[in-house]
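Residue numbers (numbering that gives the first Met the number 0), protein chains in the order written: chain A, 0 to 105; chain B, 0 to 151.
Derived by calculation from the structure, the hints in this document are not laboratory data.
Partial list, computed: chain A residues near chain B (C-beta under 7 Å):
1) Val57
2) Thr59
3) Ala60
4) Glu61
5) His63
6) Pro64
7) Gly65
8) Ile66
9) Leu72
10) Thr73
11) Phe74
12) Thr77
As the structure is a computational prediction, the values presented were derived from the model and not from experiment.
Backbone N, C-alpha and C fix where the C-beta goes; we use that ideal spot for every residue, glycine too.
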Amino acid sequence: MPTPKVKFPETAARGEIIEIKTLIDHDMESGQRKDMNGVLLPRRIINRFTCALNGKVVFTAELHPGISANPGLTFYITASESGPLDFTWEDDDGSRYTLSRPLTVK
Amino acid sequence: MPSPQSPRRRALILALPAAGCALALAPGAALASRAEADEAALRLTGGARPKDGKVRLKLPEIADSGATVPFTVSVDHPMAPDNYVKAIHVLAHDNPAPQVASFHFTPTGKAEVSGRLRLARSQEVRAVALLSDGSAWETRREVKVTVGGCGG
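Just need the whole structure built from these sequences, with the hints factored in.
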């Protein structure tokens, strides 16, 4: 079971642009590789990542097999309001890995 | 004399090389032509032909391993509610699948994302940005993937 991690400042001034770093351990099996018997290893990647602030989606990433294993993304949002930051990683196999952390805006 | 490695162990070793490298070795994997990549870019921008400029793509000139190539892509543009960067698409023309990632923004923060991508071989990487006014902008960077970095 992959374990997602996120890092961002817990508190921010209103209007401040904050950096959000995310990471999840995942093979991102491309679907191009074969084992020694020539059998294609089935594709299994994190195909979508979403970040929402207070229930409103602020950033989305569609990922393809060209993204490295253990995909990490760094992006930026404006600290417009306090509320939970919800992160979702969607796996090819239908699993969803989620994480929620509060952001306090002063 | 029997091999010291069991077939099982060999299978494991074969499965180990990083996927980005295996891409280069996969026989019969179709490589996208430049024309196909241009077409893919046009589809992503909804038909707007990308102009050169505004987009910055940071990549190493030489990547030791094609499996993990760090990138940062940004667009020199405001993120105001009525005027912002809607999306950035990253394409690697000579990968088996040229589309690497698409990032969708809302008018918040800044139009910048960092991550790590796979390159099957030395090639040009392209970033295409779509703005809220419908215009599209792009930039390209050449990355050399070190020979032998794939263990091949």
